[in-house]
Amino acid sequence: MGSDVAELFPEIEKLRVQLLHNVEVTADFRRVEEEISHQEVLTRIENIILGIVTSLSKDEAPVLTLPNRSSWANVSFDSAIGLQMSSGSDVTAVRSDCASSVTKFAQILKILSVIYRLVQSNSYATKRDIYYNNTQLFGSQNTVDHIVDDISCMLKVPRRSLHVLATSKGLISGDLCYMEEDGTRIDCRSNSAAVAVSPNIGGIRNIVSSAKFVLIVEKDATFQRLLDDDFCSKLSPCIIITAKGVPDVNSRLMVRKLWDTLHIPIFALVDADPHGIEIMCIYKYGSVAMSFEAHSLTVPSVMWLGLLPSDLRRLRVPEDALIPLTKTDENKLNSLLQRPYLSSQPDWQKEMELMQQSKVKAEIQSLAAIAPDFLTSIYLPNKLRYGGWI
Amino acid sequence: MSREIQQVLRLVMLLGKQRGVRVQAAGGLLVLLWTKTGAAVQSLNCTVAGAGPWCKGIKMKTLEPDLKESMFPRMSPCPSVPDPEELCAFTDLYGSLRLLLSFQMRDSRLFIPEWCVRIEEFLRMFSLVNAGIKTQLKLQFSQQTFQQEFRVKIKSKVARAKQPSLMLDVTCRTQPPECVKKGCWCQGGHPLCGSRLPLSIPPEAMERGLFGELSIQPVTLLTPCVLQYPNLATQLTNIQVLVCSPSNVPVTGPSTFFQNLPNELDCQELGLHSLHCSLDHVNSGATVYTAKQENLQDSEQELSLPSVQQTLLLFLFLQHSDPFTCHLSDSMATEALIEHHLEGILSNNRQAVTTALQTELKNALKGLNRGKKNHEKLRSAAEVILSSSISIVSCSSNLDFRNACLSSMKVRDTHELSASLRESLRRVTSWKFIPRGKCYPTQVEEQEGDEPTGREI
Chain L
-19 MGSDVAELFP EIEKLRVQLL HNVEVTADFR RVEEEISHQE VLTRIENIIL
31 GIVTSLSKDE APVLTLPNRS SWANVSFDSA IGLQMSSGSD VTAVRSDCAS
81 SVTKFAQILK ILSVIYRLVQ SNSYATKRDI YYNNTQLFGS QNTVDHIVDD
131 ISCMLKVPRR SLHVLATSKG LISGDLCYME EDGTRIDCRS NSAAVAVSPN
181 IGGIRNIVSS AKFVLIVEKD ATFQRLLDDD FCSKLSPCII ITAKGVPDVN
231 SRLMVRKLWD TLHIPIFALV DADPHGIEIM CIYKYGSVAM SFEAHSLTVP
281 SVMWLGLLPS DLRRLRVPED ALIPLTKTDE NKLNSLLQRP YLSSQPDWQK
331 EMELMQQSKV KAEIQSLAAI APDFLTSIYL PNKLRYGGWI
Chain X
14 MSREIQQVLR LVMLLGKQRG VRVQAAGGLL VLLWTKTGAA VQSLNCTVAG
64 AGPWCKGIKM KTLEPDLKES MFPRMSPCPS VPDPEELCAF TDLYGSLRLL
114 LSFQMRDSRL FIPEWCVRIE EFLRMFSLVN AGIKTQLKLQ FSQQTFQQEF
164 RVKIKSKVAR AKQPSLMLDV TCRTQPPECV KKGCWCQGGH PLCGSRLPLS
214 IPPEAMERGL FGELSIQPVT LLTPCVLQYP NLATQLTNIQ VLVCSPSNVP
264 VTGPSTFFQN LPNELDCQEL GLHSLHCSLD HVNSGATVYT AKQENLQDSE
314 QELSLPSVQQ TLLLFLFLQH SDPFTCHLSD SMATEALIEH HLEGILSNNR
364 QAVTTALQTE LKNALKGLNR GKKNHEKLRS AAEVILSSSI SIVSCSSNLD
414 FRNACLSSMK VRDTHELSAS LRESLRRVTS WKFIPRGKCY PTQVEEQEGD
464 EPTGREI
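Line by line, the protein sequences give chains L and X. If you use the working numbering, the first sequence corresponds to residues -19 to 370, in order. If you use the working numbering, the second sequence corresponds to residues 14 to 470, in order.
Misleading hints may appear alongside valid ones.
As the list claims (entries may be wrong) - Partner residues are not named here, just some residues of chain X that face chain L (Cβ under 10 Å, in silico):
id	residue
1	Gln253
2	Arg383
3	Ser402
These are computed hints drawn from the structure, not numbers from a lab. Being a predicted model, the structure only gives us computed values, none of them experimental. Yeah, the Cβ is synthetic: ideal placement off N, Cα and C, and Gly gets one too.
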């Protein structure tokens, strides 16, 4: 089956060879993910506490310094990595003597103490567990989620090293088997059902796959459509994955893991709209909020398979399936065009400028207006056969 | 006797108003009470003297008929003159006398010691709302002299719509806590001018000749000012209500309306557990309410900090205008009517006055209640901060880290560390100081003699 794909889809094979070559060339520059030891994590937390005690011993109000994870001014672009946090980034001071910030100070300390115990006892908890242990202090799950990421950034430690797991929202299916940390064997080859992305990507081992490519699918609806149409069998061997919209960290880690392990082309299938393009950019180049962990989250080799704005014209998608761009869409598109990574992607730029000029967008589902099974029977196979990616 | 002094002051203030004397006009006011023991009758004499710009343009000769008309029948002109030396000392400070009036009460056995307290209180209140005038009280009985000078260190001008501005004494007489550094305590207050409330005149007052437009202007003053300490716990201990006539002379005497007012107010909205009218201050002329905060839980009591106690002064300035009242005697009579019918006027406008006062008190206590919320936030967060920190220190196997924490705080074990960290955190957060431009910093030389002076000669 694999050789059939190589014959039927020579372009994918060519791309795979090219990517492998790039991987070898840039291997020296590829940062190997540092394993932070348990002891190092504990030491970094202890340093924070010692700082607090030292401040109080001098009759000074303790202050925690958090790198600002929401500012574009704090990130720089590297084509080999994506968006990464700059070394001299702006910080936010969280004071213990100010009513507006003391609650956040307390929340950070509380979660630090929880993490300390988890790491010390080599046990794990989910962010949900942490929230439900003290709902009055935290107020919402979102608060816990943000603070865990803030702590990860402050300590310069990947979240998985904090022993805090997040519930994954992604699904995966295709030619892939692996083992979870607890020994559970996962087989993603079911034709009809997908497997939830593991909450502990770092613990995955024994990955076995003959897949020739990975297809990232933006939406759950499209993903289900591919499952229903038996896409993974028709274009076997391959892997399809979705995070149902803006990707969570686990889904991004999974894509990165597949790339690191298999070194096969990774394509993105997103709606032809600014939101879809932005989602694709997060997989490829990362996000501002998680830029401190770019090395383990980004996959700069991601290729844009579809739905391209040029496809709409080429395929003569019926006009009633096209949607006018809103003001928000236009603003988003302008913002994307100014992103630092677009300059290294002239073909992407052209597609986005085409969207700007045509002032329309379309969902992948619009292809159904041509024919009900157009997506899986014609569009995707042809794209993959003739190298229709950019 | 205080009634008579009140009348004199009313006359002078109304004259000033008519002549357009500015609120900043300064000067001195001396009230001198002395006795002369005669063969059979002891008489009590009173001299009211004024000097300085505040009584500019007063002509005693033209004033005397009005004074005679407005004084009580049992008062008679004073046959003797006050000690010239006393007056010299006064004029040396404030310039030549523009006002000098003496009168006598025949039977001084009617003069009881409580009157001294009343007069003193009355003049204190007068000084509060007319801070430009330096007021002195001297009592000379049986060759003993008691002197009191109502010093105003800090004045604040309060602008009013369509009315002359007020000059209030906003000096804070509370000593700063010991832990407060020099120059970091506001010695004054920041009055809040509320919304003017028109009052309808009840029929019985109109029948007696009270017409025109009557209104009340509330002004609140919360002392001591702790704006520079946003995290400090404060506790409101009492509210003092002081009513002033249109001539800016305090209205004395108990008021049933104000005594019953706490029953009409929504204490919960004000952040208070209860308000009770204190009968201990009946002589003061101001109505005083004792405030109780909401009861704290035992654990909160233990952890709560000693708080700074605050007092809220609620000034109610009566304002009246009537185009047909232009003569001084008419103004005097109008003021007398307003005072006489004050209970009826307030009752006639009960709902509106109660609602207005509720609003003003709520606004005045906004900062205090916000401070309470901040303090509570800091307190509950402090518990989490301390327990989380101690949890990490306690279960750490890193000896260097543990020793560094213990030696930093100069303690022997984690139990002592917990107590020490708690105390330190409480100190640094409660007394966080943020200077504010509108506050009045402490002046070292002015720290002496803050209280009204009283000495025996």
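Verification of the supplied hints:
1. The criterion of a C-beta within 10 Å of any C-beta in chain L is not met by X/Gln253, whose closest approach is roughly 30 Å, and the hint is violated.
2. Taking 10 Å as the C-beta contact cut-off toward chain L, the hint placing X/Arg383 at the interface holds, the least distance being around 9 Å.
3. Hint status for X/Ser402: holds, given a least beta-carbon distance of 5 Å to chain L, under 10 Å.
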